[in-house]
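Let the sequences and hints guide you as you build the complete structure.
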Amino acid sequence: MTWETIIGLEVHTQLSTCSKIFSGAPTEYGAEPNTQADAVSIALPGVLPVLNKGAVERAIRFGLAIGAHIAPRSVFARKNYFYPDLPKGYQISQFDLPVVGMGALKIQVEPLSGSSNGPGKTYEKVVRITRAHLEEDAGKSVHGASQGMTGVDLNRAGTPLLEIVSEPDMRSAAEAVAYAKALHTLVRWIGISDGNMQEGSFRCDVNVSVRHKGEPLGTRREIKNLNSFKFMQQAIDYEVQWQIDTIESGGKIQQATVLFNPDTGETRAMRSKEEAHDYRYFPDPDLLPLDISEEWKEQMRATLPELPEARHTRYMDQYTLTAYDASMLTSSRDMADFFDTCVSVAGPANAKLAANWIIGEVSAQLNRDGLEITQCPVSPLQLSSMLIRIADNTISNSGAKEVFRTLWSEGGDADVIIEAKGLRQVSDTGAIEALVDGIIAANADKVAEYRAGKDKLFGFFVGLAMKASKGKANPGQLNEVLQKKLAG
Amino acid sequence: MLNSSLKQMSAALRAKKISSVELTNLYLGRIAAHNPVYNAYITTDAAISLAQAKAADELLAKGQAQPLTGIPVAQKDIFCAKGWRTTCGSKMLSDFIAPYDAHVIEQFNHAGAVNLGKTNMDEFAMGSSNETSYFGPVRNPWNQNSVPGGSSGGAASAVAARLCAAATGTDTGGSIRQPAALCGITGIKPTYGTVSRYGMIAFASSLDQAGPMARSAEDCALMLNVMTGFDERDSTSLPREKEDYARDLNLPLAGLRIGLPKEFFAEGLSPDVAARVEDAIAEYRKLGAVTVDISLPNSRLAVPVYYVLAPAEASSNLSRYDGVRYGYRAPEYTDLADMYEKSRAQGFGAEVKRRIMIGTYVLSHGYYDAYYLQAQKIRRLIAQDFADAFKQCDVIMGPTSPSTAFRLGEKNDDPVQMYLSDIYTIAVNLAGLPGMSVPCGFDSNGMPAGLQIIGNYFEEARMLNIAHQYQLATDWHSRSPVKETP
Amino acid sequence: MSLSIADVQKVAHLARLAMNNAEIEAAKSQLSGIFELIEEMQSVDTKGIEPMSHAQDLSQRLREDKVTETDQRGLFQSIAPQVESGLYLVPQVIE
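Chains as they are written, first to last, in my numbering: chain A, 7 to 494; chain S, 29 to 514; chain Y, 8 to 102.
Don't take each hint at face value.
[Claimed, not checked] The calculated SDA-like cross-link candidates involving lysine to any residue, where the alpha carbons are at most 20 angstroms apart (straight line), are:
| # | chain 1 | residue 1 | chain 2 | residue 2 |
| --- | --- | --- | --- | --- |
| 1 | A | LYS490 | A | GLU455 |
| 2 | S | LYS405 | Y | HIS61 |
| 3 | A | LYS427 | A | ARG411 |
| 4 | S | LYS405 | A | ARG79 |
| 5 | S | LYS110 | Y | GLY81 |
| 6 | A | LYS146 | Y | GLN99 |
| 7 | Y | LYS73 | A | ALA37 |
| 8 | A | LYS146 | A | ASP211 |
| 9 | S | LYS119 | Y | GLY81 |
| 10 | S | LYS119 | Y | ALA25 |
| 11 | A | LYS127 | A | GLU455 |
| 12 | Y | LYS17 | A | ARG79 |
Don't read these hints as lab results, they were simulated from the structure.
Below is the structure:
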């Protein structure tokens with residue numbers, strides 16, 4: 007019997023507002039403890055929440071981006087539980103009337119290396135998003151702050167979050183990671199979150215269960231607070247294997263919340279939340295229903311950029327790029343914008359060339375130097391003028407690499423560098439023929455061997471010819487001339 | 029001076045017949061002498077009060093006085109006032125020095141009024157007798173063995189005993205009107221959303237509303253002028269223009285249609301109170317009003333609905349008192365859970381705990397639909413009853429409370445009997461309507477009775493006019509329990 | 008309606024209120040009395056009635072996304088039971 011893995015995600019993405027969701031306290035990361043905890047954040051007696059328009063705008067943008075229903079009227083509810091980082095004893099969230107209803111996200115699933123359940127080939131999949139709702143973040147517990155005590159920092163309390171809940175549509179760690187990555191790209195793409203995973207701006211809870219194909223859903227366990235895609239893959243792989251082993255050895259899965267330990271690669275059930283939850287949700291009497299007019303929705307729609315999915319399709323249709331190339335280029339809006347600028351300068355005919363360079367050399371260099379595409383020392387304009395020179399045969403690929411290195415380290419203009427470094431390749435057929443004739447004449451013995459069937463010698467002649475041209479011969483032309491002349 | 033209206037006091041201050049410092053000292057002296065008996069105040073701070081009085085005198089001297097400049101007002105201890113201990117009648121907040129001002133406090137500060145002190149109240153405003161206060165019961169100035177009503181019992185007692193010129197109260201189910209009735213003073217709870225709840229410690233957010241308690245409708249109008257106003261920090265604050273609630277005080281009442289709900293005159297109403305209310309209605313007929321028999325068929329459900337909704341909201345509102353950031357923390361505990369449970373068990377009194385438990389229960393899994401949701405639906409039916417009634421009449425009248433003040437301790441062991449003392453007031457909060465109580469005579473034991481006037485939304489000025497005309501024709505409101513001369 | 012001891016214990020725990028046996032017993036009888044009063048509601052047919060959460064049927068007002076608050080940690084923590092290095096201290100939290 008084959009096992010099937012069922013995965014659903016709940017993603018908490020921090021919205022990029024400058025003030026909190028229900029008060030005017032700042033949301034900057036990394037401030038001294040409790041210096042951004044205003045009267046509302048620490049829940050002083052008598053304080054009241056007032057909703058931040060910026061948070062609602064971001065939720066609407068997200069809903070529109072996933073083609074979801076935007077609720078004309080949604081309601082804030084209180085989720086009641088006691089925890090030191092939850093100052094009011096309840097979290098203001100949305101329960102039965104969320105701001106964003108059912109939508110969907112199209113993802114490109116790539117096989118994951120090292121994942122036991124990763125599929126073999128890149129494929130497309132649609133993941134349904136059940137809902138997305140606005141809520142406030144909790145503070146942070148600082149363990150071991152003082153002897154035997156936990157410290158509470160409420161700077162983060164009240165930071166706006168959009169909780170994005172998927173259907174249990176994913177069937178492997180690879181799909182879960184692909185979905186999380188696509189979502190991560192999307193929230194940054196539409197400018198609603200900085201997506202900074204180290205700072206907790208994009209946190210994933212993963213619900214995992216296993217079943218035999220065709221059987222009803224198994225009991226799920228929720229892996230809390232994953233803040234890297236690598237950990238997500240590891241945690242799911244471990245959890246799936248653990249659940250299968252447990253069932254196969256006669257055990258039963260108990261519903262539980264688990265934490266992933268990156269040091270051991272294992273998941274373990276949390277100790278603190280053993281009791282059954284009874285959150286006693288009810289509509290928050292301090293907040294009135296949130297009404298979103300058709301007009302406001304359309305205003306928001308007008309501010310949305312072309313979305314990653316649309317660009318992905320356009321790149322494949324318009325420029326005949328592969329799905330892989332299109333995915334790489336749409337991994338962030340900045341990357342895609344960089345590519346689009348290049349194409350607009352170098353021309354659509356050079357789109358594939360631009361894609362190759364951006365995905366190849368440019369990305370590799372950025373990676374090496376730890377830079378974002380927006381910090382790329384070679385501007386799209388600089389890169390495009392170089393691409394034009396490759397396309398019109400002015401420079402060879404190796405010449406282009408030299409130009410690129412110079413652009414990267416010293417800047418300047420491709421044409422100037424080509425001239426200054428003498429990188430213009432020889433494309434004059436006469437000159438190449440003369441050069442080849444000379445080589446044939448000087449190496450009669452090798453020519454004879456070649457003509458006798460020693461094909462491997464072709465490379466030898468290419469090497470000689472390139473050396474003779476000081477590397478400037480157009481490689482394509484040289485090959486052609488050599489082949490013709492050697493044939494006799 | 030003690031029996032002067034606010035208007036007269038203000039005139040005396042402007043005419044320099046008395047200074048605000050003198051007036052404040054007069055009241056501080058009375059508080060020092062009589063508060064040990066009445067226990068109407070939890071906290072006074074002569075230094076702050078006199079500093080405010082001095083500032084008011086400067087404004088008066090410069091001719092920059094507003095109507096309440098220099099007037100000593102008592103603030104219910106539910107309003108956060110920066111630098112003042114603000115306890116909400118609870119051990120939980122017995123050492124809580126508020127680090128900010130409630131909107132109501134800001135408004136009085138801007139008006140140049142003097143904060144005379146923080147008045148006693150039922151703990152977290154939960155009670156109808158002021159006996160649930162951690163700081164001890166308040167006594168009714170008309171009879172020291174009787175309760176003043178609650179939860180704004182300290183305010184009512186202070187106004188009646190002439191321990192302040194006027195006071196603020198809050199009303200979630202009758203907490204302004206019932207003590208006003210039991211202490212023989214005038215109090216109005218305006219339309220929900222008229223006075224900002226910012227800085228007013230929450231009991232049941234969808235019902236809580238602040239209002240004035242004073243010796244007359246005219247005084248209430250001047251107080252309400254200061255207290256109301258849009259506040260962007262309260263999402264339920266109504267964005268309305270400021271209005272002058274005294275503008276219509278002198279309109280005639282001819283043709284006024286008074287609705288008399290049959291449910292308010294049924295079984296459970298004490299004969300004494302019924303007779304005084306009938307007398308008042310007879311007086312209104314003399315003033316040109318006509319009466320209409322109406323029915324509020326769902327009002328009998330107001331008490332059960334209220335005791336689902338208010339505790340539900342309260343159970344959540346009071347979760348913030350956990351001994352972590354402010355307030356009481358138990359001296360000994362074994363771990364976090366123990367610290368929560370002990371701090372809350374020791375910091376809250378019996379009635380508060382009882383209501384937290386009711387609220388927690390009705391919201392808990394499996395009971396929500398049967399209790400909370402059902403209560404919210406009936407709440408709409410109750411509000412609809414009023415909407416229907418106001419098609420037939422301009423105001424509704426009836427008793428404020430089923431009886432006059434009861435004895436201290438009389439209803440302590442029976443929460444249900446205590447809850448029924450708000451039977452006529454609660455429906456008004458559920459609908460969010462304005463309601464007021466006006467003194468309308470005394471029972472055979474000399475204890476005051478109150479007439480309740482319920483208006484349609486935003487009809488406060490009309491209600492105050494109706495009360496004022498009655499107070500021009502009668503003198504119940506100017507009777508005083510204070511026998512000695514100041 | 009009458010509540011059981013277990014009901015009262017569960018509610019006391021959810022509400023984080025320490026209660027001894029005598030208190031639970033007393034609460035049981037008082038709460039049962041109150042719920043008898045509350046049960047009156049069950050006789051009403053409310054089919055099709057929209058629940059009423061607020062006194063006025065208005066929509067939420069929105070605040071511009073602006074920082075208006077300044078750091079008041081010193082003032083706020085002056086009334087805190089236990090603080091150290093700007094943190095509120097609580098007994099150790101176990102995850």
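Here is what the structure says about each hint:
Of the supplied pair hints, the one linking LYS490 (chain A) and GLU455 (chain A) holds, its CA atoms being roughly 16 angstroms apart against a limit of 20 angstroms. With a C-alpha separation of about 12 angstroms, the suggested pair LYS405 (chain S) and HIS61 (chain Y) falls inside the 20 angstroms cut-off, and the hint holds. Only pairs whose Cα atoms come within 20 angstroms are accepted, and LYS427 (chain A) paired with ARG411 (chain A) is accepted, the gap being roughly 12 angstroms. Straight-line distance between C-alpha atoms of LYS405 (chain S) and ARG79 (chain A) comes to about 19 angstroms, which keeps the hinted pair within the 20 angstroms bound.
Distance restraint check for LYS110 (chain S) and GLY81 (chain Y): the Cα-Cα separation of roughly 15 angstroms lies within the 20 angstroms cut-off, and the hinted pair is therefore satisfied. A threshold of 20 angstroms between alpha carbons decides the hint, and for LYS146 (chain A) with GLN99 (chain Y) the separation of about 13 angstroms falls inside it, so the pair holds. At most 20 angstroms may separate the alpha-carbon atoms for a hinted pair to count; LYS73 (chain Y) and ALA37 (chain A) meet this at roughly 18 angstroms. Restraint check for LYS146 (chain A) and ASP211 (chain A): satisfied, since their Cα atoms lie roughly 17 angstroms apart, inside the 20 angstroms limit.
Using a Cα cut-off of 20 angstroms, the hinted pair LYS119 (chain S) and GLY81 (chain Y) is violated, with the two alpha carbons roughly 24 angstroms apart. Of the supplied pair hints, the one linking LYS119 (chain S) and ALA25 (chain Y) holds, its CA atoms being roughly 16 angstroms apart against a limit of 20 angstroms. About 45 angstroms separates the Cα atoms of LYS127 (chain A) and GLU455 (chain A), which puts this hinted pair outside 20 angstroms; it is violated. Distance check on the hinted pair: LYS17 (chain Y) and ARG79 (chain A) sit about 35 angstroms apart at the alpha-carbon level, beyond 20 angstroms; violated.
Going down the numbered hints, you'll see the structure goes against 9, 11, 12, while the others check out.
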